[in-house]
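Protein sequence lines, in the order shown, are assigned to chains A and B.
If you're matching positions, the first sequence starts at 5 in this note's numbering and goes up one per residue.
If you're matching positions, the second sequence starts at 5 in this note's numbering and goes up one per residue.
None of these hints come from the bench; they were simulated from the model.
Keep in mind that a hint or two might mislead.
Treat identical chains as interchangeable: a pair holds within one or across any two.
With a cut-off of at most 25 angstroms between alpha-carbon atoms, the simulated SDA-like pairs for lysine to any residue come out as follows [claimed, not checked]:
id, residue 1, residue 2
1, Lys202, Ala173
2, Lys202, Leu25
3, Lys216, Phe176
4, Lys86, Asp193
5, Lys189, Val78
6, Lys189, Asp74
7, Lys202, Asp181
8, Lys161, Ser73
9, Lys11, Lys161
10, Lys202, Val172
11, Lys189, Pro114
12, Lys189, Met95
13, Lys161, Gly206
14, Lys11, Met95
15, Lys11, Ala173
16, Lys216, Val14
17, Lys32, Gly94
18, Lys189, His91
19, Lys32, Thr160
20, Lys189, Asp72
21, Lys11, Leu190
22, Lys222, Asp74
23, Lys202, Met62
24, Lys222, Arg186
25, Lys189, Asp93
26, Lys189, Ile8
27, Lys161, Asp60
28, Lys32, Glu112
Remember, predicted model here, so these are calculated numbers, not experimental data.
Protein chains: 2
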Amino acid sequence: MRIIELKETVTASNDRDAETLRGELKQKGTLLINLMASPGAGKTTLLERTIHDLRDRMRIAVMEADVDSDVDAVRIERTGAKAVQAHTDGMCHMDAGMTRRALDALGEDPFDLVVLENVGNLICPAEFDTGAGRCVMLLSVPEGDDKPLKYPLMFTKSDVLIITKTDVAPYFDFDPDACIRRARKLNPDITVFTVSAKTGDGFEEWEDWLIKAVADWKN
Amino acid sequence: MRIIELKETVTASNDRDAETLRGELKQKGTLLINLMASPGAGKTTLLERTIHDLRDRMRIAVMEADVDSDVDAVRIERTGAKAVQAHTDGMCHMDAGMTRRALDALGEDPFDLVVLENVGNLICPAEFDTGAGRCVMLLSVPEGDDKPLKYPLMFTKSDVLIITKTDVAPYFDFDPDACIRRARKLNPDITVFTVSAKTGDGFEEWEDWLIKAVADWKN
């Protein structure tokens with residue numbers, strides 16, 4: 005597994021770089037998903053189960069972005085999917101140029117779906133377009149249902165909200181209806197799934213959405 | 005309860021501003037604690053219980069820093085402690101100048117302990133000295149024991165690590181010994197407490213530390 009060391013991109017316009025990258029990926033028929041969440045919300049665990057379920061239906065690769073360590077990329081490689089670990093040189097987010105360099109590190113193989121697991125952070129990643137075709141965010145039950153009030157931009161920028169760790173809901177005060185109502189107030193079009201990677205609850209709906217998103221991207 | 009709107013400080017040196025502020029607070033006998041953690045790690049809940057237990061022993065105030073909302077400051081005010089809500093204008097951290105303005109908003113009353121509940125973020129707040137006398141970080145059991153590997157700077161910069169939500173440990177794969185070993189590898193001097201705000205486990209040790217820290221600061 006490859007570890008690449010990235011630096012913040014010095015560029016006139018991250019938005020323009022992101023648009024260019026998105027166009028190239030569209031041309032190739034590769035859907036890039038920008039997966040964002042707080043530390044420990046369950047991004048890698050969601051991906052492990054998703055790859056396990058879909059690996060015979062589509063070609064999947066993962067770019068793990070972290071300040072340090074390679075623990076997530078090692079976990080992804082165990083699923084059989086191709087993974088690279090990107091170190092962000094202390095940076096709290098990925099930009100479009102960093103994403104391009106991480107994609108280059110995946111090599112020449114064609115993929116239907118590439119997931120960028122962004123740095124664990126509910127603020128900064130939402131401010132930078134990476135060139136992804138879709139933005140997906142996770143919020144875990146233990147984090148609390150008030151998070152849309154405190155981190156509005158992430159909910160505004162995401163196409164999909166996945167509420168994770170629903171198996172532990174009995175042990176936390178988490179009102180899913182209140183959470184979804186707050187998210188929809190910021191972003192009326194956001195698609196919401198509730199899942200437990202432990203029990204598998206909700207994965208069918210999420211994976212159906214993903215299969216359709218990959219198919220739509222190729223048209 | 006007062007809400008103040010802050011902007012990033014434009015200054016030659018945040019480190020110098022922080023040193024100046026720390027000196028002034030030392031002079032006044034006010035210990036400022038910079039409390040940092042991921043979103044939803046339990047910062048406000050820890051403070052609610054701590055204030056409840058210590059409010060007759062010391063004069064405590066809280067500065068809540070968030071991108072948006074006032075939910076945390078409203079919760080703190082219910083404990084009877086003075087609170088201000090600082091909005092960070094989208095910023096992912098507090099700097100020394102922002103901290104000074106939040107302190108000003110607390111008014112002229114003397115406090116033994118002021119807690120800055122920093123923006124929920126395990127990366128950026130660790131990069132900015134706020135002028136605090138002590139840095140305390142939380143890591144909640146649901147976030148996972150691998151976090152020192154992925155967010156090393158926060159563990160390096162903190163004087164105290166409080167592992168929270170230990171009541172839900174049976175439902176998560178969290179190895180406290182592995183977590184503490186990883187934290188101590190980065191920061192051999194870090195003081196560690198494990199607490200549950202639900203059951204009260206571990207609060208006596210944490211509050212004893214806090215009482216001593218406040219007393220030491222006045223000497």
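Hint check results:
no.	hint	in the structure
1	Lys202 with Ala173	both (13 angstroms within a copy, 15 angstroms between copies)
2	Lys202 with Leu25	neither (35 angstroms within a copy, 48 angstroms between copies)
3	Lys216 with Phe176	neither (33 angstroms within a copy, 32 angstroms between copies)
4	Lys86 with Asp193	neither (32 angstroms within a copy, 39 angstroms between copies)
5	Lys189 with Val78	between (38 angstroms within a copy, 21 angstroms between copies)
6	Lys189 with Asp74	between (37 angstroms within a copy, 17 angstroms between copies)
7	Lys202 with Asp181	both (22 angstroms within a copy, 23 angstroms between copies)
8	Lys161 with Ser73	between (28 angstroms within a copy, 18 angstroms between copies)
9	Lys11 with Lys161	both (24 angstroms within a copy, 22 angstroms between copies)
10	Lys202 with Val172	both (10 angstroms within a copy, 15 angstroms between copies)
11	Lys189 with Pro114	neither (38 angstroms within a copy, 41 angstroms between copies)
12	Lys189 with Met95	between (30 angstroms within a copy, 22 angstroms between copies)
13	Lys161 with Gly206	within (23 angstroms within a copy, 39 angstroms between copies)
14	Lys11 with Met95	both (8 angstroms within a copy, 21 angstroms between copies)
15	Lys11 with Ala173	neither (39 angstroms within a copy, 37 angstroms between copies)
16	Lys216 with Val14	neither (35 angstroms within a copy, 47 angstroms between copies)
17	Lys32 with Gly94	neither (31 angstroms within a copy, 35 angstroms between copies)
18	Lys189 with His91	between (35 angstroms within a copy, 20 angstroms between copies)
19	Lys32 with Thr160	neither (28 angstroms within a copy, 43 angstroms between copies)
20	Lys189 with Asp72	between (35 angstroms within a copy, 14 angstroms between copies)
21	Lys11 with Leu190	between (32 angstroms within a copy, 23 angstroms between copies)
22	Lys222 with Asp74	neither (31 angstroms within a copy, 44 angstroms between copies)
23	Lys202 with Met62	within (23 angstroms within a copy, 45 angstroms between copies)
24	Lys222 with Arg186	neither (33 angstroms within a copy, 44 angstroms between copies)
25	Lys189 with Asp93	between (35 angstroms within a copy, 20 angstroms between copies)
26	Lys189 with Ile8	between (39 angstroms within a copy, 24 angstroms between copies)
27	Lys161 with Asp60	neither (30 angstroms within a copy, 45 angstroms between copies)
28	Lys32 with Glu112	within (11 angstroms within a copy, 63 angstroms between copies)
Consistency with the previously given hints fails for numbers 2, 3, 4, 11, 15, 16, 17, 19, 22, 24, 27, ordered from lowest to highest.
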